[in-house]
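**Q** So you can see what is in the structure, the chains are spelled out below.
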Amino acid sequence: MEFTVGQIAGVLNGTVEGDTSLRVDRLAKIEEARAGAIAFLSNPKYEPHLYTTEASAVIVSKTLVLRQPVAAALIRVEDPYLGFTMLLEFYQQFARTGKRGVEQPSFLGQGSEVGDDGYRGAFSYIGESCHIGRGVLIFPHATIGDRCRIGDGTIIYAGAKIYADTVIGSRCVVHAGAVIGSDGFGFAPQPDGSYRPIPQIGNVVLEDNVSIGANATIDCATMGSTVIREGAKIDNLVQIAHNVEIGRHTVVAAQSGISGSTKLGDFCVLAGQVGLAGHLTLANRTTVTAQSGVGKSIKEEGQVLQGAPAFNLRDSLRANAVFRHLPELERRLSELEKAKSKSEQTEKS
Amino acid sequence: MEFTVGQIAGVLNGTVEGDTSLRVDRLAKIEEARAGAIAFLSNPKYEPHLYTTEASAVIVSKTLVLRQPVAAALIRVEDPYLGFTMLLEFYQQFARTGKRGVEQPSFLGQGSEVGDDGYRGAFSYIGESCHIGRGVLIFPHATIGDRCRIGDGTIIYAGAKIYADTVIGSRCVVHAGAVIGSDGFGFAPQPDGSYRPIPQIGNVVLEDNVSIGANATIDCATMGSTVIREGAKIDNLVQIAHNVEIGRHTVVAAQSGISGSTKLGDFCVLAGQVGLAGHLTLANRTTVTAQSGVGKSIKEEGQVLQGAPAFNLRDSLRANAVFRHLPELERRLSELEKAKSKSEQTEKS
Amino acid sequence: MEFTVGQIAGVLNGTVEGDTSLRVDRLAKIEEARAGAIAFLSNPKYEPHLYTTEASAVIVSKTLVLRQPVAAALIRVEDPYLGFTMLLEFYQQFARTGKRGVEQPSFLGQGSEVGDDGYRGAFSYIGESCHIGRGVLIFPHATIGDRCRIGDGTIIYAGAKIYADTVIGSRCVVHAGAVIGSDGFGFAPQPDGSYRPIPQIGNVVLEDNVSIGANATIDCATMGSTVIREGAKIDNLVQIAHNVEIGRHTVVAAQSGISGSTKLGDFCVLAGQVGLAGHLTLANRTTVTAQSGVGKSIKEEGQVLQGAPAFNLRDSLRANAVFRHLPELERRLSELEKAKSKSEQTEKS
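Chains as they are written, first to last, in numbering that gives the first Met the number 0: chain H, 0 to 348; chain P, 0 to 348; chain S, 0 to 348.
Hints were generated in silico from the structure; no laboratory data involved. Treat the hints loosely; a few may be bogus.
Claimed, not checked - In silico DSS-like links for lysine-lysine, alpha-carbon gap of 27 Å or less:
hint, chain 1, residue 1, chain 2, residue 2
1, H, 347, H, 337
2, H, 298, H, 339
3, H, 341, P, 341
4, H, 339, P, 347
5, H, 44, S, 44
6, H, 341, P, 347
7, P, 341, S, 341
8, S, 347, P, 347
9, S, 28, P, 262
10, P, 298, P, 262
11, H, 341, H, 295
12, S, 262, S, 298
13, H, 337, P, 28
14, P, 28, H, 295
15, H, 44, H, 61
16, H, 44, S, 262
17, S, 28, S, 44
18, P, 341, H, 339
19, S, 61, S, 28
20, S, 339, H, 347
21, P, 28, P, 44
22, H, 347, S, 337
23, H, 341, P, 339
24, S, 337, S, 347
25, S, 61, P, 298
26, H, 347, P, 341
27, S, 61, S, 44
28, H, 339, S, 341
Claimed, not checked - A short, non-exhaustive set of chain H residues, derived as facing chain P with CB atoms under 10 Å:
hint, residue
29, 13
30, 63
31, 67
32, 200
33, 254
34, 308
35, 314
Where a beta carbon is used, it is the ideal one built from N, C-alpha and C, also for glycine.
Generate the whole structure from the sequences, applying the supplied hints.
**A** Structure, rendered in structure tokens:
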């Protein structure tokens, strides 16, 4: 994927200062760029790098006044950051998600329909009676179980496993190795101490614009649906148990785990390695800091929680500050006790 | 999968009040059911829903006395919960695990034998010299390495990876993406600070009725076997290291990790995100609460542990209760010190 | 894989006492070995087992003086442990990694080159314009995206997913289900509270002799590279975020998570379930104990950290020791307060 500076300036509706025939084949930060790369300058703090960068081209503002000569070709645009972002998106689309067509061998079950303009990699598997929308990209080794529905423009990366009856909206991204729809962890204890599996017949529903990270796991509902609402972003290795609901535009960072039947509101943020107990409700805009464990429902919106067990951030920070000095605290206490004991003896004597 | 109310009543050995020709195609909770669904009423607390439910049919007790008219068809049976559970299992078996036969392309290595009445999905891989029992379901993209043995009625879901020499019992379930038999994390430090891998030549043994969650990982033993005993249930994203033993009917919830050579007794319960250090022994019926970390062996049976590092639940709850008030504790301590200092000054003066 | 005692003695350059024609087909610990196995005796503490073992053969030191008769054949060598380790490596190479050739169906994209003497399992997928070195083993269901480079002698186990543009060095091991190169978790908040994905166009670079555990996830850089340096060992289910750098010969145990842009030095050790915040720098030889959470950069080399939030190990152990006795501490404090209040009343009266 190689373009000339002139071609890029055309796409960005910019003007060139320097050699329009220079070729660039990658994007880079201005402070790290080497020959062949294009960079951008938006934050004035980085301007010194402009005069030393090895980049072949740099996107700069129309209004930038140069203080020294620049070796790189310049592409002048209204908003350099926006221009660079356009190139980034174009690049990603081209390099990662530009695939179209069907590679062989691939498997398409009876009664399944697949929309136009998509991609099915070699060894991809689509079961029976599925409905796959337009422009859906299904990478190699992805498994789509029977009776699944997937909306337009969704990307299922390599080796993602979607169990039967899953419903996935439009413009979702499911990263490699993610598992959607595995059985909930439900077992009925028997009189002899053994366990009998409770049938898990529900499914998982991802609404539109949902992102699921690599090797994350989302269990189906025991009955009904485990639901990830519109725009929610789930990171790598997150565990979402049966009958959980994740609210709109809620973000769950890597390795967090949410136990069965818990409901998160909209616009919540869970940092990494957080654990939520089962059957909780978290109000909208709840934030939980990394490695915290929440065992109680949160009714008031906009709370920030920390600790395991978690309570409000300010109190948690203060308690942790004292925790470090516990040995000193104990020493001070012992001294008071000694003093008291001594003064009592003095009184008695 | 659509049945009439009459057909279902026949299966459950029940009697119908209402239209036997009504058709239902799914199971639902009585408070959430819509037209086309069948629900059940067992707990009297839910009886009010019976008079408002949109379910097409409800399974109720033979002895239930109606207080109002009911729109749904009723199927009266001895034990409504049991009846519903039978339908659940029937449904799950039909919808999820009813597959039989061999889809193509699939791979069967030299010298491997596969019993009758099973399923091998497209792109499933069975290596050389394997012995696969009767009625085993192997979903697409599952990999079974060389010389594995799998007992009757076991289910290996999509994309599970079973390394060579693994032994799996009968009626086990291995969920999508689980990895069984990867190398133990053993490295010998060298004089220059680098590490040399210690060969890991053991295997993993799952006894009968074991369940392994999605994307869980179980390492092979360095020598000998990592063993998961009969009836143990392992949840999603659990890590089980080399040479670990998990006792009979022990339950390990999601994202817990068990370090090398640790042995869990029978009937233990680890909640989510628990960590166990290596080379420990946990007595039968030990329970560890969520996010706890256990660093010492537990010899007495039936203990409940909490915290990181973990100690007994009651003491841990009490210590945590004080932890929250540490800033206040420090303030009280400071006041006593001030008072003492003041009284000392008074005495001196 | 069956050999005679004579053959093994030949390989190890040892001398046999006993039947050279005895056949062994596996390796075992001396205290667990049964007929057909070969064991070794190095630590004198284990000598009593030599006289009771059921092993068919035991590797012992040239200088060992027997105190009782031994049933097993003996192979006498200079260093029994070294001899056994040679057998272990030979066994592992033969049983696990001895595969060569190409199974069908497998997929090789346009413009990709694969060196000699390697293995490509059935259903393995190699995209376009890849360069795969000599003696590389690619197990079934592994996905290698477009434009990847993999060095000589590297092993990619079943179902590992390598995204486009990844660079992997020589003699690396990537275990089953690992995902390398998934998108970093970067989203720009929009005015309405929703998130827009930030294009992730960087890649992942693994240098030589790196090991990646089963179902671990390594995100690509937003721009530039996420880098795992020479000899680093990453365990199962570890999460490594975008733009992270892991130093040479650094070890990260299972289920640990490293947030975006954090740099670990050389020879560091993270125990299991550790969490590191983003944008940190950890000095060389930093050790972090299990389940700890590090939120600040560590500048001094060789520190040992514990706790969440983590501080130095010694202080953390002492603070934890007091933590357990917090209820008692509070009681002692209350008693001092009561005594003070009483003495004040006495003074007043």
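**Q** State for each hint whether it applies.
**A** Going down the list of hints, with the structure as the test:
1. With a C-alpha separation of about 15 Å, the suggested pairing of residue 347 of chain H with residue 337 of chain H holds against the 27 Å cut-off.
2. The hinted pair formed by residue 298 of chain H and residue 339 of chain H fails the criterion: a straight-line CA distance of about 46 Å is larger than 27 Å.
3. Between residue 341 of chain H and residue 341 of chain P the CA atoms are separated by roughly 17 Å; this keeps the pair inside 27 Å, and the hint holds.
4. Between the alpha carbons of residue 339 of chain H and residue 347 of chain P the distance comes to roughly 17 Å, so the proposed pair stays at or under 27 Å and holds.
5. Taking the CA atoms of residue 44 of chain H and residue 44 of chain S, the gap is near 67 Å; set against the 27 Å cutoff, the hint is violated.
6. A distance of roughly 16 Å separates the Cα atoms of residue 341 of chain H and residue 347 of chain P; the hinted pair therefore holds under the 27 Å criterion.
7. Simply put, residue 341 of chain P and residue 341 of chain S have alpha-carbon atoms about 17 Å apart, close enough for the 27 Å limit, and the pair holds.
8. In summary, the hint linking residue 347 of chain S to residue 347 of chain P is supported, as the alpha carbons are separated by about 20 Å, within the 27 Å threshold.
9. Between residue 28 of chain S and residue 262 of chain P the CA atoms are separated by roughly 18 Å; this keeps the pair inside 27 Å, and the hint holds.
10. For the proposed pair residue 298 of chain P and residue 262 of chain P, the alpha carbon gap of about 12 Å is at most 27 Å, so the pair holds.
11. As the CA atoms of residue 341 of chain H and residue 295 of chain H are separated by approximately 46 Å, the hinted pair breaks the 27 Å bound.
12. For the hint linking residue 262 of chain S to residue 298 of chain S, the alpha-carbon distance of about 12 Å falls within 27 Å, and the restraint holds.
13. With a CA separation close to 65 Å, the supplied pair residue 337 of chain H and residue 28 of chain P exceeds the 27 Å bound.
14. A C-alpha spacing of about 25 Å is found between residue 28 of chain P and residue 295 of chain H, which places the hinted pair at or below 27 Å, so the restraint holds.
15. With a C-alpha separation of about 17 Å, the suggested pairing of residue 44 of chain H with residue 61 of chain H holds against the 27 Å cut-off.
16. Straight-line distance between C-alpha atoms of residue 44 of chain H and residue 262 of chain S comes to about 24 Å, which keeps the hinted pair within the 27 Å bound.
17. A hinted pair counts as satisfied when its Cα atoms are at most 27 Å apart, and residue 28 of chain S with residue 44 of chain S qualifies at roughly 14 Å.
18. Between residue 341 of chain P and residue 339 of chain H, the direct Cα distance comes to roughly 14 Å. Compliance with the 27 Å bound is thereby established for this hinted pair.
19. Between residue 61 of chain S and residue 28 of chain S the alpha-carbon distance is near 20 Å, which keeps this suggested pair within the 27 Å criterion.
20. Restraint check: the Cα-Cα separation between residue 339 of chain S and residue 347 of chain H comes to about 17 Å, which is no more than 27 Å; the hinted pair holds.
21. Annotation: proposed proximity of residue 28 of chain P to residue 44 of chain P holds, straight-line Cα distance about 14 Å (limit 27 Å).
22. Restraint check for residue 347 of chain H and residue 337 of chain S: the C-alpha separation of about 19 Å stays at or below 27 Å, so the hint holds.
23. About 13 Å separates the Cα atoms of residue 341 of chain H and residue 339 of chain P, which keeps this hinted pair within 27 Å; it holds.
24. Annotation: proposed proximity of residue 337 of chain S to residue 347 of chain S holds, straight-line Cα distance about 15 Å (limit 27 Å).
25. Under the criterion of a C-alpha separation no larger than 27 Å, the hint pairing residue 61 of chain S with residue 298 of chain P is inconsistent with the structure, at around 42 Å.
26. Proximity of residue 347 of chain H to residue 341 of chain P is assessed by CA-CA distance (about 22 Å); at most 27 Å being required, the pair is judged to hold.
27. The straight-line distance between the Cα atoms of residue 61 of chain S and residue 44 of chain S is roughly 17 Å, inside the 27 Å bound, and the hint therefore holds.
28. Between residue 339 of chain H and residue 341 of chain S, the direct Cα distance comes to roughly 13 Å. Compliance with the 27 Å bound is thereby established for this hinted pair.
29. Checking residue 13 of chain H against chain P by beta carbon gives a least distance of about 46 Å; that is not within 10 Å, so the hint is violated.
30. Given hint, residue 63 of chain H at the interface with chain P, is violated; its Cβ is 48 Å from that chain's nearest Cβ, farther than 10 Å.
31. The beta carbon of residue 67 of chain H comes no nearer than 45 Å to any beta carbon in chain P, farther than 10 Å, and the hint placing it at the interface is violated.
32. Among the interface hints, the one on residue 200 of chain H holds; its C-beta lies about 5 Å from the nearest C-beta in chain P, closer than the 10 Å criterion.
33. The interface hint given for residue 254 of chain H is met, as the beta carbon of that residue sits about 7 Å from the closest beta carbon of chain P, less than 10 Å.
34. The beta carbon of residue 308 of chain H is positioned within 10 Å of a beta carbon in chain P (closest approach about 6 Å), and the interface hint is therefore held.
35. Because the smallest distance between the Cβ of residue 314 of chain H and any Cβ of chain P comes to about 7 Å, under 10 Å, the interface hint for this residue holds.
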